[in-house]
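Student: Start from the sequences, fold in the hints, and give me the full structure.
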Amino acid sequence: NAGVMQNPRHLVRRRGQEARLRCSPMKGHSHVYWYRQLPEEGLKFMVYLQKENIIDESGMPKERFSAEFPKEGPSILRIQQVVRGDSAAYFCASSRQGQALLSPLHFGNGTRLTVT
Amino acid sequence: DAKTTQPNSMESNEEEPVHLPCNHSTISGTDYIHWYRQLPSQGPEYVIHGLTSNVNNRMASLAIAEDRKSSTLILHRATLRDAAVYYCILWAQGGSEKLVFGKGTKLTVNP
Chain X
40 NAGVMQNPRH LVRRRGQEAR LRCSPMKGHS HVYWYRQLPE EGLKFMVYLQ
90 KENIIDESGM PKERFSAEFP KEGPSILRIQ QVVRGDSAAY FCASSRQGQA
140 LLSPLHFGNG TRLTVT
Chain F
4 DAKTTQPNSM ESNEEEPVHL PCNHSTISGT DYIHWYRQLP SQGPEYVIHG
54 LTSNVNNRMA SLAIAEDRKS STLILHRATL RDAAVYYCIL WAQGGSEKLV
104 FGKGTKLTVN P
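Each protein sequence line maps, in turn, to chains X and F.
Basically the numbering used here = 1-based index in the first sequence + 39.
Basically the numbering used here = 1-based index in the second sequence + 3.
Honestly, the hints are just simulated from the structure, not real lab data.
Mixed in with the good hints there might be a few duds.
[Said to hold, decoys possible] Residues from chain X that face chain F, not an exhaustive set, calculated with beta carbons under 10 Å:
(1) Leu82
(2) Phe84
(3) Ser97
(4) Phe104
(5) Pro113
(6) Phe146
(7) Gly149
(8) Thr153
[Said to hold, decoys possible] Between beta-carbon pairs, the in silico distance windows are:
(9) X:Gln120 with F:Lys72: 45 to 51 Å
(10) F:Thr8 with X:Pro109: 36 to 42 Å
(11) F:Gln45 with X:Thr153: 14 to 20 Å
(12) X:Gly112 with F:Thr33: 33 to 39 Å
(13) F:Arg61 with X:Asn46: 25 to 31 Å
(14) X:His49 with F:Ser56: 30 to 36 Å
(15) F:Thr111 with X:Lys66: 24 to 30 Å
(16) X:Ser69 with F:Lys6: 28 to 34 Å
(17) X:Gln119 with F:Ala68: 33 to 39 Å
(18) F:Ser28 with X:Arg151: 47 to 53 Å
(19) F:Gln45 with X:Lys66: 18 to 24 Å
(20) X:Gln119 with F:Asn113: 41 to 47 Å
(21) X:Gly112 with F:Thr29: 39 to 45 Å
(22) F:Thr29 with X:Lys66: 35 to 41 Å
Cβ coordinates follow ideal geometry from the N, Cα and C atoms, glycine included.
Tutor: And the structure:
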């Protein structure tokens, strides 16, 4: 079974450009979570989505950041007008039935965004 | 989410057991104890979870104190591949759907 696939693995953007990060969950998983890890810091929750629905976006910055998980295709984390402070590793995780049923999260290996 | 306290770092030798402690004195009756680990340059990886009883799987054992205010993750024979940051996380059934990661314990394994 393929694990959670994230691409690209590394992404370099200039200030003001847009960054689009993709996440394909494990087969059969319909719950996706995005986390951000700043250099030398812990993982911070950003958003939790089920197919076509945002369930919890309490960790998302109010501006420039958006996420979607369409009926078909990968989940996308979009950052508009990137700034240097957006440089971080962004991790996606998926689970089969949501944490309410104690499904462990399966994480991808992340996208490392560098803003120059 | 209830808070956990872990040492910032620990060191062990290869092929020796490792006991990683976690304090969670404010744990509630519905809080499950989860452990994840993050190897360098990788995403976190699920290790084990439990509620009240001790748990074993192929990766590790989880020993939970009788009063549930602390727990210990046990790696029976550390290998170099076990060098990682280990996170102890509380999650309440029926509560928030997300796992909240703290700073974890950075485990160094010496050859």
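Student: Next, verify each hint and record whether it holds.
Tutor: Here is what the structure says about each hint:
Annotation: interface hint on Leu82 of chain X holds; nearest CB of chain F at approximately 4 Å, less than 10 Å. Of the supplied interface hints, the one on Phe84 of chain X holds, with its beta-carbon coming within about 5 Å of a beta-carbon of chain F, less than 10 Å. The restraint placing Ser97 of chain X at the interface with chain F holds, with a minimum CB-CB distance near 8 Å, inside the 10 Å limit. For Phe104 of chain X, the suggested interface contact is broken, since its CB lies about 16 Å from the closest CB of chain F, more than 10 Å.
Evaluation of the Pro113 of chain X hint against chain F yields a violated restraint, the C-beta minimum of about 16 Å exceeding 10 Å. Taking 10 Å as the C-beta cut-off, the interface hint given for Phe146 of chain X holds, the closest approach to chain F being about 3 Å. For the restraint placing Gly149 of chain X at the interface with chain F, the shortest Cβ-Cβ distance is roughly 5 Å, inside the 10 Å limit, so the hint holds. The beta carbon of Thr153 of chain X is not positioned within 10 Å of any beta carbon in chain F (closest approach about 14 Å), and the interface hint is therefore violated.
For the hinted restraint 45 to 51 Å between Gln120 of chain X and Lys72 of chain F, the CB-CB distance of approximately 46 Å keeps it satisfied. Checked against the hint of 36 to 42 Å, the pair Thr8 of chain F and Pro109 of chain X passes, with Cβ atoms roughly 40 Å apart. A beta carbon spacing of about 18 Å between Gln45 of chain F and Thr153 of chain X agrees with the range 14 to 20 Å that was offered as a hint. Gly112 of chain X and Thr33 of chain F have their C-beta atoms about 36 Å apart, which keeps the hinted 33 to 39 Å range intact.
Evaluation of the 25 to 31 Å hint for Arg61 of chain F and Asn46 of chain X yields a pass: the beta carbon distance comes to about 30 Å. In this structure, His49 of chain X and Ser56 of chain F break the distance hint of 30 to 36 Å, their C-beta atoms being roughly 43 Å apart. Separated by about 36 Å at the C-beta atoms, Thr111 of chain F and Lys66 of chain X break the suggested range of 24 to 30 Å. Checked against the hint of 28 to 34 Å, the pair Ser69 of chain X and Lys6 of chain F passes, with Cβ atoms roughly 31 Å apart.
Checked against the hint of 33 to 39 Å, the C-beta distance between Gln119 of chain X and Ala68 of chain F comes to roughly 48 Å, which is inconsistent with it. As the Cβ distance of Ser28 of chain F to Arg151 of chain X is approximately 36 Å, the hint placing it in 47 to 53 Å is violated. Checked against the hint of 18 to 24 Å, the pair Gln45 of chain F and Lys66 of chain X passes, with Cβ atoms roughly 20 Å apart. Gln119 of chain X and Asn113 of chain F have their C-beta atoms about 46 Å apart, which keeps the hinted 41 to 47 Å range intact.
The supplied range of 39 to 45 Å is met by Gly112 of chain X and Thr29 of chain F, whose beta-carbon atoms lie about 42 Å from each other. Taking 35 to 41 Å as the suggested C-beta distance range, the pair Thr29 of chain F and Lys66 of chain X conforms, at roughly 38 Å.
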